[in-house]
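Spelled out from the first residue to the last, the chains are:
There are 2 protein chains.
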Amino acid sequence: MGIFSKTCEYAVRAVFFIAQHTADGSRVGIKEIAVKIDSPEHFLAKILQDLSKRGIIQSVKGPNGGFYLDAQSLGRPLSDVIEAVDGGGIFRDCGLGLKECSSKNPCPLHHDFLDVRNRLQSMLESITIGQFNEDLNLGIVVLKK
Amino acid sequence: MGIFSKTCEYAVRAVFFIAQHTADGSRVGIKEIAVKIDSPEHFLAKILQDLSKRGIIQSVKGPNGGFYLDAQSLGRPLSDVIEAVDGGGIFRDCGLGLKECSSKNPCPLHHDFLDVRNRLQSMLESITIGQFNEDLNLGIVVLKK
DNA sequence: ACAATAAAAGACATTTTTATCTTTTATTGT
DNA sequence: ACAATAAAAGATAAAAATGTCTTTTATTGT
Ligand code: FES
Ligand code: FES
Chain A
257 MGIFSKTCEY AVRAVFFIAQ HTADGSRVGI KEIAVKIDSP EHFLAKILQD
307 LSKRGIIQSV KGPNGGFYLD AQSLGRPLSD VIEAVDGGGI FRDCGLGLKE
357 CSSKNPCPLH HDFLDVRNRL QSMLESITIG QFNEDLNLGI VVLKK
Chain B
257 MGIFSKTCEY AVRAVFFIAQ HTADGSRVGI KEIAVKIDSP EHFLAKILQD
307 LSKRGIIQSV KGPNGGFYLD AQSLGRPLSD VIEAVDGGGI FRDCGLGLKE
357 CSSKNPCPLH HDFLDVRNRL QSMLESITIG QFNEDLNLGI VVLKK
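Going down the list, the sequences are from chains A and B.
Take the first sequence: its letters are residues 257 to 401, numbered as in my numbering.
Take the second sequence: its letters are residues 257 to 401, numbered as in my numbering.
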């Protein structure tokens, strides 16, 4: 497994895809998303249901329904998606699994890990979901394979 | 879960503990290790068996037996333990789970992730298992709680 | 040789993650 | 109202990670 859970990877890829395809206010369906980001449809559906309940993404049922992002969602930092799915532990927890991670009670890796975690966090906090669209639309980045 | 699997966390904590307690050539038993690093004994036994087979740590059976580290093992970078347990994916794989992670086929996070991964890797490669002993012996770092 | 010791190995159980399928509910256009 | 649509919700299932227990093998000291 990578840094994030597979569930989280699907979530981020899906959110990017939704952002890219709904900038104009339209919606995109679960089937298309699943195919385009290469994820299992029904599993992804669960993930998006959860994100929808949390207000990270928006959805409407029925004809022409689907998932989309409103202005507020587009303005969220990507870290919100990560936290919603995997929790914020990755930004805070000890790399060696110790319960209390602090400078007063450091494990051998504490200080170095702090640096890595902070970098990861600030990177994911400093860019919004919407901002990725530019690169996606320019075709210089990709969401599949 | 943190950056590493729980299995990997146990492994690293155990290796540190072994290093600290066998600098003089003695051995330390699985029961003591498990208690001191707060891990399930039999599960940890499996992990250490594997590390022993791979030559990352050393072991001898029988009375006064146990686990220890020879000079070569003490000189290994910590990244060797991580790779043995979790594989090297964490240093190489795409943060969004794409199969081919490269600058020619980058996901939206590729460049930022590259930086984070490289930092993590160089940090884990640049310090040897034995080098952690100083801090451990000085009591300024800890392996439990 | 023998008994004690401690890791290695094997078998099994639980939990979490990942995945699939079916039914229900909300929405839309006619 | 009605039929079509698409997400929400529910029920299972498969796979992987994590954890426990028992038996076997190698080593040591006597
Ligand atoms: S105590 Fe381990 S990373 Fe802080
Ligand atoms: S393609 Fe995603 S991190 Fe490289």
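Read the hints as simulated data drawn from the structure, not as lab findings.
Incorrect hints may appear among the rest.
As the list claims (entries may be wrong) - So the derived list for chain A, only partly shown, Cβ under 7 Å to chain B, looks like this:
{"#": "1", "residue": "259"}
{"#": "2", "residue": "316"}
{"#": "3", "residue": "349"}
{"#": "4", "residue": "360"}
{"#": "5", "residue": "363"}
{"#": "6", "residue": "368"}
{"#": "7", "residue": "375"}
{"#": "8", "residue": "379"}
{"#": "9", "residue": "391"}
{"#": "10", "residue": "395"}
{"#": "11", "residue": "397"}
{"#": "12", "residue": "401"}
Said to hold, decoys possible - Simulated pairs of lysine to aspartate or glutamate, DMTMM-like, Cα-Cα distance not exceeding 20 Å:
{"#": "13", "chain 1": "A", "residue 1": "309", "chain 2": "A", "residue 2": "342"}
{"#": "14", "chain 1": "B", "residue 1": "360", "chain 2": "B", "residue 2": "349"}
{"#": "15", "chain 1": "A", "residue 1": "292", "chain 2": "B", "residue 2": "356"}
{"#": "16", "chain 1": "A", "residue 1": "401", "chain 2": "B", "residue 2": "390"}
{"#": "17", "chain 1": "A", "residue 1": "401", "chain 2": "B", "residue 2": "294"}
{"#": "18", "chain 1": "A", "residue 1": "317", "chain 2": "A", "residue 2": "349"}
{"#": "19", "chain 1": "A", "residue 1": "401", "chain 2": "B", "residue 2": "391"}
{"#": "20", "chain 1": "B", "residue 1": "401", "chain 2": "A", "residue 2": "297"}
{"#": "21", "chain 1": "B", "residue 1": "400", "chain 2": "B", "residue 2": "371"}
{"#": "22", "chain 1": "A", "residue 1": "400", "chain 2": "B", "residue 2": "349"}
{"#": "23", "chain 1": "A", "residue 1": "302", "chain 2": "A", "residue 2": "342"}
{"#": "24", "chain 1": "B", "residue 1": "360", "chain 2": "A", "residue 2": "297"}
{"#": "25", "chain 1": "B", "residue 1": "302", "chain 2": "B", "residue 2": "349"}
{"#": "26", "chain 1": "A", "residue 1": "355", "chain 2": "A", "residue 2": "381"}
{"#": "27", "chain 1": "A", "residue 1": "400", "chain 2": "B", "residue 2": "356"}
{"#": "28", "chain 1": "B", "residue 1": "355", "chain 2": "A", "residue 2": "294"}
{"#": "29", "chain 1": "B", "residue 1": "401", "chain 2": "A", "residue 2": "391"}
{"#": "30", "chain 1": "A", "residue 1": "360", "chain 2": "B", "residue 2": "368"}
{"#": "31", "chain 1": "B", "residue 1": "360", "chain 2": "A", "residue 2": "288"}
{"#": "32", "chain 1": "A", "residue 1": "360", "chain 2": "B", "residue 2": "390"}
{"#": "33", "chain 1": "B", "residue 1": "401", "chain 2": "A", "residue 2": "368"}
{"#": "34", "chain 1": "A", "residue 1": "400", "chain 2": "A", "residue 2": "288"}
{"#": "35", "chain 1": "A", "residue 1": "401", "chain 2": "A", "residue 2": "391"}
{"#": "36", "chain 1": "A", "residue 1": "355", "chain 2": "B", "residue 2": "297"}
{"#": "37", "chain 1": "B", "residue 1": "401", "chain 2": "B", "residue 2": "326"}
{"#": "38", "chain 1": "B", "residue 1": "400", "chain 2": "A", "residue 2": "368"}
{"#": "39", "chain 1": "A", "residue 1": "355", "chain 2": "B", "residue 2": "294"}
{"#": "40", "chain 1": "A", "residue 1": "262", "chain 2": "B", "residue 2": "356"}
From a predicted model like this one, the values you see are computed outputs, not experimental measurements.
All C-beta atoms in this analysis are idealised placements derived from N, C-alpha and C, irrespective of residue type, glycine included.
Hinted pair residue 262 of chain A and residue 356 of chain B, Cα distance within 20 Å: holds, 16 Å
Satisfaction of hint between residue 349 of chain A and residue 317 of chain A, Cα-Cα up to 20 Å: violated, 38 Å
Status of the hint placing residue 363 of chain A at chain B (closest C-beta pair under 7 Å): Holds, because the Cβ-Cβ distance from residue 363 of chain A to chain B comes to roughly 6 Å (cut-off 7 Å).
20 Å limit on alpha-carbon distance, applied to hinted pair residue 401 of chain B and residue 368 of chain A: holds, 19 Å
Holds or violated: residue 360 of chain A to residue 390 of chain B, with C-alpha atoms at most 20 Å apart: holds, 17 Å
Hinted pair residue 401 of chain B and residue 297 of chain A, Cα distance within 20 Å: violated, 41 Å
Distance restraint between residue 302 of chain B and residue 349 of chain B, which requires alpha-carbon spacing of 20 Å or less: violated, 26 Å
Hint consistency between residue 400 of chain B and residue 368 of chain A [alpha-carbon to alpha-carbon, up to 20 Å]: holds, 18 Å
Per-residue hint verdict: residue 395 of chain A, partner chain B, C-beta under 7 Å: violated, 11 Å
Pair hint residue 401 of chain A and residue 391 of chain B, alpha-carbon separation not exceeding 20 Å: Violated, at about 44 Å.
Given hint residue 356 of chain B paired with residue 400 of chain A - CA-CA distance at most 20 Å: holds, 9 Å
Hinted pair residue 360 of chain B and residue 297 of chain A, Cα distance within 20 Å: violated, 28 Å
Checked against the numbered hints given earlier, the structure breaks hints 2, 4, 10, 16, 17, 18, 19, 20, 21, 24, 25, 26, 29, 30, 31 and 37 and satisfies all the rest.
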